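Listed below, chain by chain, are the residues.
2 protein chains.
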Amino acid sequence: MAATQRRIDVTIESVRRLLRVGATPNLVNLLQKLHPADLAQVFAELPERERHAAFNTLVERNGRLAMEAVSELGPEKGAELLALRSAEEIARLLQEIESDDAAALIESLSDDLRVAVLALIHPKPGGGVSELLEYEERTAGRLMNPNVFALPEDVTAGEAITALQSARDVEMVFYLYVVDERRHLVGVVSLRRLLLVPPDTPLKRIMTTEVYSASVDLDQEEVARRVASYNLLAIPVVDQENKLVGVITVDDVIDVIKDEATEEIYRLAGVSIDDGVDTPPAESLRRRLPWLVLNLVTAFVSATVVARFTDVIEQVVILAALMPVVAGLGGNAATQTLAVVVRGISMGELTGTNARQALLKESFVGLGNGLVIGLVGATAVWAFTGFQWALGFILMAAMIINMSVAAIAGTLIPIGLRAMKVDPALASSVFITALTDVIGFLSFLGLATVFVRYL
Amino acid sequence: MAATQRRIDVTIESVRRLLRVGATPNLVNLLQKLHPADLAQVFAELPERERHAAFNTLVERNGRLAMEAVSELGPEKGAELLALRSAEEIARLLQEIESDDAAALIESLSDDLRVAVLALIHPKPGGGVSELLEYEERTAGRLMNPNVFALPEDVTAGEAITALQSARDVEMVFYLYVVDERRHLVGVVSLRRLLLVPPDTPLKRIMTTEVYSASVDLDQEEVARRVASYNLLAIPVVDQENKLVGVITVDDVIDVIKDEATEEIYRLAGVSIDDGVDTPPAESLRRRLPWLVLNLVTAFVSATVVARFTDVIEQVVILAALMPVVAGLGGNAATQTLAVVVRGISMGELTGTNARQALLKESFVGLGNGLVIGLVGATAVWAFTGFQWALGFILMAAMIINMSVAAIAGTLIPIGLRAMKVDPALASSVFITALTDVIGFLSFLGLATVFVRYL
Chain A
1 MAATQRRIDV
11 TIESVRRLLR
21 VGATPNLVNL
31 LQKLHPADLA
41 QVFAELPERE
51 RHAAFNTLVE
61 RNGRLAMEAV
71 SELGPEKGAE
81 LLALRSAEEI
91 ARLLQEIESD
101 DAAALIESLS
111 DDLRVAVLAL
121 IHPKPGGGVS
131 ELLEYEERTA
141 GRLMNPNVFA
151 LPEDVTAGEA
161 ITALQSARDV
171 EMVFYLYVVD
181 ERRHLVGVVS
191 LRRLLLVPPD
201 TPLKRIMTTE
211 VYSASVDLDQ
221 EEVARRVASY
231 NLLAIPVVDQ
241 ENKLVGVITV
251 DDVIDVIKDE
261 ATEEIYRLAG
271 VSIDDGVDTP
281 PAESLRRRLP
291 WLVLNLVTAF
301 VSATVVARFT
311 DVIEQVVILA
321 ALMPVVAGLG
331 GNAATQTLAV
341 VVRGISMGEL
351 TGTNARQALL
361 KESFVGLGNG
371 LVIGLVGATA
381 VWAFTGFQWA
391 LGFILMAAMI
401 INMSVAAIAG
411 TLIPIGLRAM
421 KVDPALASSV
431 FITALTDVIG
441 FLSFLGLATV
451 FVRYL
Chain B
1 MAATQRRIDV
11 TIESVRRLLR
21 VGATPNLVNL
31 LQKLHPADLA
41 QVFAELPERE
51 RHAAFNTLVE
61 RNGRLAMEAV
71 SELGPEKGAE
81 LLALRSAEEI
91 ARLLQEIESD
101 DAAALIESLS
111 DDLRVAVLAL
121 IHPKPGGGVS
131 ELLEYEERTA
141 GRLMNPNVFA
151 LPEDVTAGEA
161 ITALQSARDV
171 EMVFYLYVVD
181 ERRHLVGVVS
191 LRRLLLVPPD
201 TPLKRIMTTE
211 VYSASVDLDQ
221 EEVARRVASY
231 NLLAIPVVDQ
241 ENKLVGVITV
251 DDVIDVIKDE
261 ATEEIYRLAG
271 VSIDDGVDTP
281 PAESLRRRLP
291 WLVLNLVTAF
301 VSATVVARFT
311 DVIEQVVILA
321 ALMPVVAGLG
331 GNAATQTLAV
341 VVRGISMGEL
351 TGTNARQALL
361 KESFVGLGNG
371 LVIGLVGATA
381 VWAFTGFQWA
391 LGFILMAAMI
401 INMSVAAIAG
411 TLIPIGLRAM
421 KVDPALASSV
431 FITALTDVIG
441 FLSFLGLATV
451 FVRYL
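Listed in order, the protein sequences are those of chains A and B.
Note that the first sequence covers residues 1 to 455 in this note's numbering.
Note that the second sequence covers residues 1 to 455 in this note's numbering.
Any given hint might turn out to be false.
Okay, the calculated bits of chain A under chain B, using three or more residues with CB under 8 Å as the criterion [as the list claims (entries may be wrong)]:
| id | stretch |
| --- | --- |
| 1 | 89-98 |
| 2 | 306-318 |
| 3 | 339-348 |
Subject to a maximum C-alpha distance of 30 Å in a straight line, what follows is the list of computed DSS-like cross-link-like pairs (lysine-lysine) [unchecked claim]:
| id | chain 1 | residue 1 | chain 2 | residue 2 |
| --- | --- | --- | --- | --- |
| 4 | A | K77 | B | K258 |
| 5 | B | K77 | A | K204 |
| 6 | B | K243 | B | K204 |
| 7 | B | K204 | A | K258 |
The hints are simulated quantities; they were obtained by calculation from the structure and are not laboratory data.
For clarity, every value in this text was computed on a predicted model and none was experimentally measured.
From the three backbone atoms N, C-alpha and C, an ideal C-beta is built for every residue, glycine too.
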């Protein structure tokens, strides 16, 4: 990171300086030396006004590079850079980039602009941007590039190499897909294999017929899992009739894996997937409030639990200080279990067959945590209160109960949600900590009420 | 997922049946039809005894496939399958797989076995397993495969193709690295480019000289970032003198990205990276307890804060029911901010230049959250208590204070940790919720003490 980030910081300083003095040719020169990914980073870190100025300067001179950087920036930020241009200009510029990136950008434009741009785009032969947008979001169809390199099965290795040499505008090629006369996917040949055989060998003879593919409606998470499991560099996408319609390359799969990880972290924390460091403040506020309101409701539910026990609290006011300890520890133990279980599900390590084993294991851990933490907590209570034995034992018992419940709920709720085909990460801390609050208060204050004469 | 998982479930049933009836040839036949990744999944889901039985059956007949599945299983589970074999057998079996996978497996063996195996492995020419283990964990050196395909710069394209045809035992090749006479990395040629030029063209004329590479000591997270940013299929690894020593392929980078995501989720939840769904219960317990003990300490700190206010609680006992609402909401708001900021840092979206902007934004969101949630909370208090005005206002004020602190701490603590080169995710919920508990209790009970005559 260090070296690259330093180079980008230096570049940003130069860009700002060149913009100030209006040295357009030097600015274009500087920007043109960058890799699109670095250029995207520079755009991302420039203040808004200068970001637009730098982009506008570059796009007039080198539309392709500017648009490649926009692709790397991602659809939301990319669409923002394009937002002030006319639909005609945008439609023209989109031709410079891959159809899948173009489709994602169009999807992020404002409603008016999106409609206008879509009306202007004339579908490319062999699948264009408009077709991609007909597939559901987060499916293989939306993610794929329709410009896939494929040849009929009776073409020879030599002919294939010639065809490859004249192929343009296709995604990075490392596999050659083989199709029959009706474009059904029938095999795959690696580029390396092509080099190893005599030029007159037909593809049919050297192709692998067991091809890992994805159907257009396959969820992107499963696409990523296949590419990752089978160590593929690309996966062909087929329609319902097994006709080849596109290809998804590993670089796009990496983006999916990162997005899915972000989503998992966000869900666990009760944050919307569209939120981020540079989401406008008002937008972030609007997106985070519903979760907090939900949490407020659950917090008031636990408050009513406490309110039932005001008599015992008035008698033994130290209970008010200790009850959040029981509730909080339960919440943290639940968060630990939740992280392990949710991650286990999404990494494919927790499946139907070992769910029962996982529940037993987590229950054991929860009970063990409760015993140890309860004992340590009780000891602390005894030390601080001059050996109020009953108070310590009640704290310990409540902790054992709460941590066992935390472990069981932290395992069962995500597994249950998965079985109901709901994202397990939705069992976010909000719900689980609500439960551990209620159980914590109820067990601790309930036991205190029962044994109040010993307190 | 569905189709694949179903197929694996069916296979597992067959494996168990064939093991029961002792139909070894059929079992080997069945297992040999699987892709190593699917075989690994089957092993992972089989109960322990049957996992060992199936592995032992296969390893005698098809050591390579069995070991490829072990590589796919990952080092910990893989080492477990090998644990009962002699060092000699393990050393022999390790020759069937890539050096980087072998190194990771050895590292996960028990201490005795590791030493014995290492003593038996005779270093392969051109970099072997023992050399890999000399690099730090989580660096490019540890991750790379030393068998990298490279040619001198005056070799022609035609000669390169011939060399490629006879190359064996190298990682999947898609780039041809070009080195000078002292093995310094000087360029790269894509396989496709090789096909496009006349056979007598020297590599020097067609190679790209600006090569993205990683030095042996580069952190694996930065390796992954480079491969992902520049859409590479592999990145060459060089030593301090820029000599080519290995290559890291994109499939290994995908594993790193997944591991880093798991680590981030775990850190935020206070779980050790070595914990998981199938970690033995006693081990999970041992690994989770330190975090909970730490949390117990912080919880007792907030308990002492509450204990300072027992007078006011005795006078107005409803405070005991409402104080966890203030603390809890602050904790949830802090978790939201933390998720966005920590993820922003690790995705490279939050850098030095926009840290101040992020702080301003989060402070605004925190203040906004506090105002809205405070007002809703106060309204609920008024509704439930028959319009105890002061109590509602005190709750609102405490929420505004606590949520603003939550936002500022949730932003500054991870940014500060990053500046100190500590993993920002260490600012886990444990610490942040400890802070929001203390501030929540302090502000709410403090204000209640000041304005007690109105309550």
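Verification of the supplied hints:
| no. | hint | in the structure |
| --- | --- | --- |
| 1 | 89-98 | violated (count 0) |
| 2 | 306-318 | holds (count 7) |
| 3 | 339-348 | holds (count 8) |
| 4 | A:K77 to B:K258 | holds (25 Å) |
| 5 | B:K77 to A:K204 | violated (39 Å) |
| 6 | B:K243 to B:K204 | holds (17 Å) |
| 7 | B:K204 to A:K258 | violated (37 Å) |
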